[in-house]
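Using the sequences and the accompanying hints, generate a full structural model.
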Amino acid sequence: MNANVARSNSGIFWMILALILSFMVGVAAENKGLLQFAREHPGDIRMLLLQHIQLVLTAGAVAVCMGVPTGILLTRGFMRRYKEFLLNLLGICQTVPSLAVLALAMTYLGIGKKTAIFALTVYALLPIIRNTVAGIGGVSEVALDAGRGMGMTPLQLLLKVELPNAMYIILTGIRMSIVIMVGTAALSFKIGGGGLGDLIFTGIAMVDTGYMLTGAVPTAALAITLNWLFGLLEKWIISPGLIYDT
Amino acid sequence: MITLEHATKVYPGSSSPAVDDVTLHVPEGEISVFIGPSGCGKTTLMRMINRLTPISSGVIEVGGKNVMELDPIELRRGIGYVIQQVGLFPHMTVRDNVATVPKLLGWNKSAIDNRVDELLELIGLDPGVFRSRYPRELSGGQAQRIGVARAMAADPPVMLMDEPFGAIDPITREVLQDEFLKIQWQVKKTIIFVTHDISEAIKMGQKIALLKDGQLIQYDVPEKLLTAPRNEFVKSFVGTDRALKRLNLLRVSDAMMTNPVHCQAADPSEKIMEYMIGNDLQFLLVTDGEERLMGYVNLYDLRGHRGKVGDVVRPMTITVSPEQNLKEALSRMLGFDLGIVVAVDEDQRLAGILNSKTLFSVVGDTYDERGGHWGNVTSKGRIP
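Here the protein sequences line up with chains A and B, keeping their order.
Take the first sequence: its letter number 215 is residue 221 in our numbering, and every next letter is one higher.
Take the second sequence: its letter number 34 is residue 1097 in our numbering, and every next letter is one higher.
Hint data in this document are derived by calculation from the structure and do not stem from the laboratory.
Idealized CB from N, CA, C, for every residue including glycine.
Just so you know, not all the hints are guaranteed correct.
Cβ-to-Cβ under 10 Å is the rule here; a few derived chain B residues that face chain A [to be verified]: (1) L1115; (2) R1140; (3) V1145; (4) L1151; (5) H1154; (6) L1168; (7) K1172; (8) I1175; (9) Y1197; (10) E1295; (11) V1297.
Over the 10 Å line for every Cβ pair with chain A, so calculated as not near, a few chain B residues [stated by the list, open to error]: (12) V1122; (13) G1126; (14) E1137; (15) L1138; (16) R1199; (17) D1304; (18) L1307; (19) G1358; (20) L1362; (21) D1374.
Lysine-lysine pairs mimicking DSBU-like chemistry, simulated, CA-CA at most 35 Å apart [stated by the list, open to error]: (22) K166/A <-> K1298/B; (23) K119/A <-> K1270/B; (24) K1172/B <-> K241/A; (25) K1166/B <-> K89/A; (26) K1275/B <-> K166/A; (27) K120/A <-> K241/A; (28) K1245/B <-> K1298/B; (29) K241/A <-> K1251/B; (30) K89/A <-> K241/A; (31) K38/A <-> K120/A.
As structure tokens, then:
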């Protein structure tokens, strides 16, 4: 119980800190006249923010739908021999800079939102797959033996024992992937994918701090908000039996 | 109930079999213990019964059916399974853990709830307190009790227990063993119990199978294993103190002298003193008017005393019950410097007496003809 309180407290703490910081930044920005652009174009900002959210959530959903089952498959008996190979391959892919991934994707798929979503998905897969494999691999062998000995089918064992116990680590992977993706998605403007990158890169190009900040601040706020929402989701999904007070 | 015929397990790439041609029969409602040094194949043999380890050759039958012809999932749901490290599911409450097999079998919710509460009460844990706890909130002993309850949830006729009390401190282990035997008296399951502890084997098992290097060395009742070990290996495995271990097998009621000589508190001191001198007794048990044990008197206190025996009686603080085993009785006797221990029933009524003579006679050694400090204790009832 204490752990739950502490976790929700830390969520509130970060929310408050974010609000205070954004308020301070806002005051400073107002003083320097940086908010003028934002005040004049609220509709554009909203549209770009929605585009950004759409990019992140679509790519995130696709990455989860592909990554978690792949991770599960890699822990099944018949696939286990490919585990190291595939994880290493994905690890190598992850070392390619995100901008390069976008550029490469563009070469084959052309420009546009679909290309951006594809590239973001590829980039998000590794943490999800790796954490799914690690989470399932970390489930107590003894609990599995007990489950098997009591007559659970392999599917029941997966759904009732392995996944619930691995859920914390799997969710951490998804959370990490999606929060990082909020930042990466800003780059998709470069290949015509839209999103808040539009404001950021245009602002940089025009050396207009106010213009740039109207893109950068919502991007940061989105990352923090998604992270907080995932914290709530974890609390809701993960069994209290797995949460330790330490 | 469980029959193994030439059961053999050879792991691929291994030259010698892990289980080598084991044939034995476990009768219905009995506990058979598999014991042996580590690596002797006892756990493998047990796991072959519910097919967690597939058999290489031979036949294993449970309830008259060849396990290899049954669906392994169905088979396992019908066999209780308890393991040493308990293996409770950490993400489930005690209720859900215990309900695992009933849920797999598709029982309805109220039937499951009733069964869970019934089992928690059977293992001595208050359902109101423990039902909604998680395994991390349980002590080792509580967790293992829940492990046993979980295995019994769907009331399987057969249970496999792999060192169920192995990871528990010795004091709690004794308690759990006693509790489990009490439960077994009621439920009469056919049980295979794996252990490496010979004392546990003697205490729990109606029969003991001693294994070495995958081979069955001796399968016998504990008594026979101790008194007639088949070879040197058995002899050394059961230990040089095997005569003492037999004490675990016997109850106080098997060895005690019933209706021991005693007097009542209301008897006159002079008469009792005369009797004690005449019969060479230095101590004598004293009961009240309803034969409840009050204590004892010694001859020294009675000398010159005028009045009733009850005035000089000394309390007897250490007693045993007829159901206790002789090992406990011996340890109490040694802790009590009079060289005897008195057995009383639940109402403190005098049931019998154990002294070194009676104790040693059942273990089969020579004994002091005069029975220690107490002189010639005889079986004569109340002094006339």
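Do the hints match the structure? See the list:
{"no.": "1", "hint": "L1115", "verdict": "holds, 6 Å"}
{"no.": "2", "hint": "R1140", "verdict": "holds, 3 Å"}
{"no.": "3", "hint": "V1145", "verdict": "holds, 9 Å"}
{"no.": "4", "hint": "L1151", "verdict": "holds, 7 Å"}
{"no.": "5", "hint": "H1154", "verdict": "holds, 4 Å"}
{"no.": "6", "hint": "L1168", "verdict": "holds, 9 Å"}
{"no.": "7", "hint": "K1172", "verdict": "violated, 16 Å"}
{"no.": "8", "hint": "I1175", "verdict": "violated, 15 Å"}
{"no.": "9", "hint": "Y1197", "verdict": "holds, 3 Å"}
{"no.": "10", "hint": "E1295", "verdict": "violated, 36 Å"}
{"no.": "11", "hint": "V1297", "verdict": "violated, 30 Å"}
{"no.": "12", "hint": "V1122", "verdict": "holds, 21 Å"}
{"no.": "13", "hint": "G1126", "verdict": "holds, 16 Å"}
{"no.": "14", "hint": "E1137", "verdict": "violated, 7 Å"}
{"no.": "15", "hint": "L1138", "verdict": "violated, 7 Å"}
{"no.": "16", "hint": "R1199", "verdict": "violated, 6 Å"}
{"no.": "17", "hint": "D1304", "verdict": "holds, 34 Å"}
{"no.": "18", "hint": "L1307", "verdict": "holds, 35 Å"}
{"no.": "19", "hint": "G1358", "verdict": "holds, 53 Å"}
{"no.": "20", "hint": "L1362", "verdict": "holds, 63 Å"}
{"no.": "21", "hint": "D1374", "verdict": "holds, 62 Å"}
{"no.": "22", "hint": "K166/A <-> K1298/B", "verdict": "violated, 47 Å"}
{"no.": "23", "hint": "K119/A <-> K1270/B", "verdict": "violated, 74 Å"}
{"no.": "24", "hint": "K1172/B <-> K241/A", "verdict": "holds, 26 Å"}
{"no.": "25", "hint": "K1166/B <-> K89/A", "verdict": "holds, 33 Å"}
{"no.": "26", "hint": "K1275/B <-> K166/A", "verdict": "violated, 38 Å"}
{"no.": "27", "hint": "K120/A <-> K241/A", "verdict": "holds, 33 Å"}
{"no.": "28", "hint": "K1245/B <-> K1298/B", "verdict": "holds, 30 Å"}
{"no.": "29", "hint": "K241/A <-> K1251/B", "verdict": "violated, 44 Å"}
{"no.": "30", "hint": "K89/A <-> K241/A", "verdict": "holds, 30 Å"}
{"no.": "31", "hint": "K38/A <-> K120/A", "verdict": "violated, 38 Å"}
Violated hints for the displayed structure, listed by number in ascending order: 7, 8, 10, 11, 14, 15, 16, 22, 23, 26, 29, 31.
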